[in-house]
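Trainee: Please assemble the complex out of the two chains, which come individually in their own frames, going by the hints.
Line by line, the protein sequences are chains A and B.
Each residue of the first sequence is one higher than the one before, counting from 1 in our numbering.
Each residue of the second sequence is one higher than the one before, counting from 423 in our numbering.
Derived by calculation from the structure, the hints in this document are not laboratory data.
Zero decoy hints are in this set.
Using 25 Å as the maximum straight-line C-alpha spacing, the simulated SDA-like pairs for lysine to any residue come out as follows:
#1 A:K90 to B:R440
#2 A:K273 to B:R440
#3 A:K399 to A:V195
#4 B:K488 to A:L134
#5 B:K446 to A:T212
#6 B:K502 to B:E456
#7 B:K497 to B:V461
#8 B:K502 to B:P455
#9 A:K132 to B:G453
#10 B:K446 to A:L83
#11 A:K399 to A:T102
#12 B:K446 to B:A486
#13 A:K90 to B:K450
#14 A:K387 to B:E456
#15 A:K93 to B:E449
#16 A:K387 to B:R440
#17 A:K387 to B:T458
#18 B:K450 to A:N221
#19 B:K446 to A:T102
#20 A:K132 to B:D442
#21 A:K353 to A:L241
#22 B:K489 to A:L133
#23 B:K450 to A:G94
#24 B:K450 to A:D137
#25 A:K132 to B:V484
#26 A:K387 to B:E478
#27 A:K223 to A:I236
#28 B:K446 to B:T460
#29 B:K497 to B:A486
#30 B:K497 to B:T507
#31 A:K387 to B:L475
#32 B:K450 to A:I271
#33 B:K502 to A:T212
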Amino acid sequence: MTPETILVFILIYVLVVLLSATKLVPMSVAALVGALLTGWFGLQYGVFTYVDAIDFIDIRLISLLIGIMIVVEVADRGGLFRLGALYAIKMSKGNPRVLFITLCIMAAAVSMFLSDPTAILLIAAAAITITKLLDYDPVPFFLSATIMVNLGGTSTLIGSVSNMIIGVQAGLSFNDFIGYLAVAEIILWTLTILVLYYIFRSRLRKRRMPPTYNPWESIQNKKLFWRSTIVLFLLIFLFVLSDSLGVGPEAVALGCAILALAISEIDPAEIFKRMDWETVFFLTGFLFVVGGLEKTGLLQTLSTQLFQLTSGSSFNATLLVLWSSGLASTIASNMAVALTFTPIVQGFIGLNKIPIWSALALGTNLGGAATPFSGSVVIMALGAMKKEGISLNFGEFTKVGFITTFIQLAFATVYIIVRFGI
Amino acid sequence: MSKLKKWLEAKAKEPAARYDETKKEFEKIIGRPEITITVELPESLDELKTEFLSLEKDEKFVEAVKKLVELRLKKEQRKKRQVDTSETSKGL
Chain A
1 MTPETILVFI LIYVLVVLLS ATKLVPMSVA ALVGALLTGW FGLQYGVFTY VDAIDFIDIR
61 LISLLIGIMI VVEVADRGGL FRLGALYAIK MSKGNPRVLF ITLCIMAAAV SMFLSDPTAI
121 LLIAAAAITI TKLLDYDPVP FFLSATIMVN LGGTSTLIGS VSNMIIGVQA GLSFNDFIGY
181 LAVAEIILWT LTILVLYYIF RSRLRKRRMP PTYNPWESIQ NKKLFWRSTI VLFLLIFLFV
241 LSDSLGVGPE AVALGCAILA LAISEIDPAE IFKRMDWETV FFLTGFLFVV GGLEKTGLLQ
301 TLSTQLFQLT SGSSFNATLL VLWSSGLAST IASNMAVALT FTPIVQGFIG LNKIPIWSAL
361 ALGTNLGGAA TPFSGSVVIM ALGAMKKEGI SLNFGEFTKV GFITTFIQLA FATVYIIVRF
421 GI
Chain B
423 MSKLKKWLEA KAKEPAARYD ETKKEFEKII GRPEITITVE LPESLDELKT EFLSLEKDEK
483 FVEAVKKLVE LRLKKEQRKK RQVDTSETSK GL
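Bound-form chain B, shown alone (with noise of 0.2 Å):
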């Protein structure tokens, strides 16, 4: 049976970039969306292109980049609270 369950598992092909673009659909409308952003190796750091691959999958990275975006939202976040008061009170 497990030997079964392994065969299975290994032709359980992942499924395509497609299931990926519907979920991706799903998420934007009920679900918590993501974004995708493709940044460039800056110019003249050609020779740390491999450390620039890398960062990818380096997960302290990607923490740092959630957090920077975090952190930018809830400026966002105030900035549109400020906005709001303010047109508040002039109405009143």
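Same shape as in the complex, but just chain A (with noise of 0.2 Å):
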């Protein structure tokens, strides 16, 4: 392979990756012409034949995306993530202080089954409406959800793109991922609402008695409502059964989604149309360009180096691999990271891949609210606040960011040394 050819692949993933930081281009759209010129160049060149192109995409990873987004949407539909908002408002009795942890709690634990952008337009609407109502400064509310909804499902398989795209290349189930960072996860949660609530205590002040109501006065459709509940719980279920069932979790997730889809009645229509296609084009495109650049020898080169740069020590790869995903990913997208660092990682040939592999969930999955521009999940929680009025300040953001971002890929770096004891 000549060095020029090795360039114009290295080009047109920094061309994707650029595009799709900077949004000049919707993500999927920079992701797909990316794979195009990846198929072109790839082809032209003999980097790869066209059954080998084929196999870039991993149909049990887009499988798993889509049936996921499947269950989630029938769930959302049936209006359980609205009903568990509601009691976090009704539990809290006005008490801006109580509010300002159960909406955190609530952000982050929706976000371990919807996708962040849907996770944070549902939080951003419970949000406004009370804030609204109860004049309290909304701006807390806000910032501290889109770090939560960001923070939430760090440690199962479906909580992120990111997990699901480590989970299925590296072979890690759904056990696994609860296995080796549940517990990382409840400290962080915990860690980061402490972490908030001090930044934002002084905003939280005066206490206004909220309206009484039932929560349950939001589920119109409560056969729908039970159904779409207990296939998502089914999910849950047979995701923890299918290291012994052995079926892998694309098989469950596709399971569960036809379920959904057969027993909801809803159109199928409409769930569709509601359902993050904008991520599923982007992971296909993208998968493509990595796929591509893997045939090149490059990622293959690029591990041995970082392999030689760590001495071929765990606690040095470990400790890389998470600093490195973790600061990449305030910047390029969580996804792209993953893609791009699970290739590498498989080459870390001889070493114990297990703290690797619970470092790159780490870093992918903690780097994603550092600044405005870090992810989706930013991208839309500003949009809803820029549509409510409410002034985006920049210098907050990124401060109240980063102040989470370092105590969290903190932790995780101790976590990781304990837990594994590398």
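Mentor: Right, here's the structure in full:
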């Protein structure tokens, strides 16, 4: 392979990352254009064959993502997540401090299932409604919800797309994620809420009584609510059992998605219309771009060089992956970071990879809300703030985002060292 | 910094209809509910199509509609109270 050929593939990769990070064009378009260029040059230069190219797209990953999206979309239509948010507000009894904490917990909890942009829209809508009504400063609620939505789901296979990428490509099951990272996530939630509370404490004053209401009034179709909730819990139950059942998570997700569509009595077109196709197409295109880059041998070389840089030490490799993926995710999409790092980590021959995969999962998740540029969740939250006429304080977001991300990554470092004894 | 902020504000796209939909659901339960009514251009006034469409953004018109809603609801409230009072007196 000539250096010029490798350079072409690097340029395509950089172009896609830059275009999707700057949002100059939609992420999906950037990745698909990159895939087209990769396909064209790859076949022209004989870097890969047509059959190789088809294998670039990991059908298990796409199936898992689509399956989860369908189940969760049906559950969302059933009103489960809205009901949770209404209970979180009711529990606070108008106390702004309690409301702040319950909304933070709810934001992280719903994002364990919903995609981050959908979760932030739900929590932002809940936050704006209650803060307007009680005349509270909405900024602490909005910013904290954004950070918590990004954090939620760090320890589950389905909590974020980057986790799905790592899980499918590294062969980690739902139980593996929980086993390696659940404790870290619980502590990270507590730590982040405490930090956010400390930052915003002076803006959470004056208690006002909220209206009395019954959260169950929000459930218009009880049959749909119960059916969709049962399918969601069945999905989690089967994920837990999937190791012993001998089936992959993508089969569980697709099976439950079919069940959800069959018993929900909703027009499937309605469900498909609301799914996050932007993510599906971005992932498909970017898998292709990384697949092409891998075929040039560049990622293998990079992997070998990084391995040498870490002197073959698990400790060095794990910390390098944690911090570099965390910092890279503050700028680039965490899906792109996960897809790029996965083949690199796979090349670390002879090392215990479990701590490194865990570090990659933590890094890609934690870096997603450090700055206003970090990810789609931040862009969505800022869009909602703008729509509500809440002035966007760029500096404030960056300050809060950086402080929380740094503390989270520092904790993750300690956790990985202690948990895996590296 | 201000250039970055401007760029970011331009990129912060207006959230989709989904946000409004969700907000409306919350407002129905805990906030001040809103209603949306579709009104057709009355027949025989086709030549006033532009004027009709501009009513949607006419603040004075919107205020007048709000006033109408308030009057209507107050009337309903009075009626309801009268019924309640007569039922209480019957019970006595």
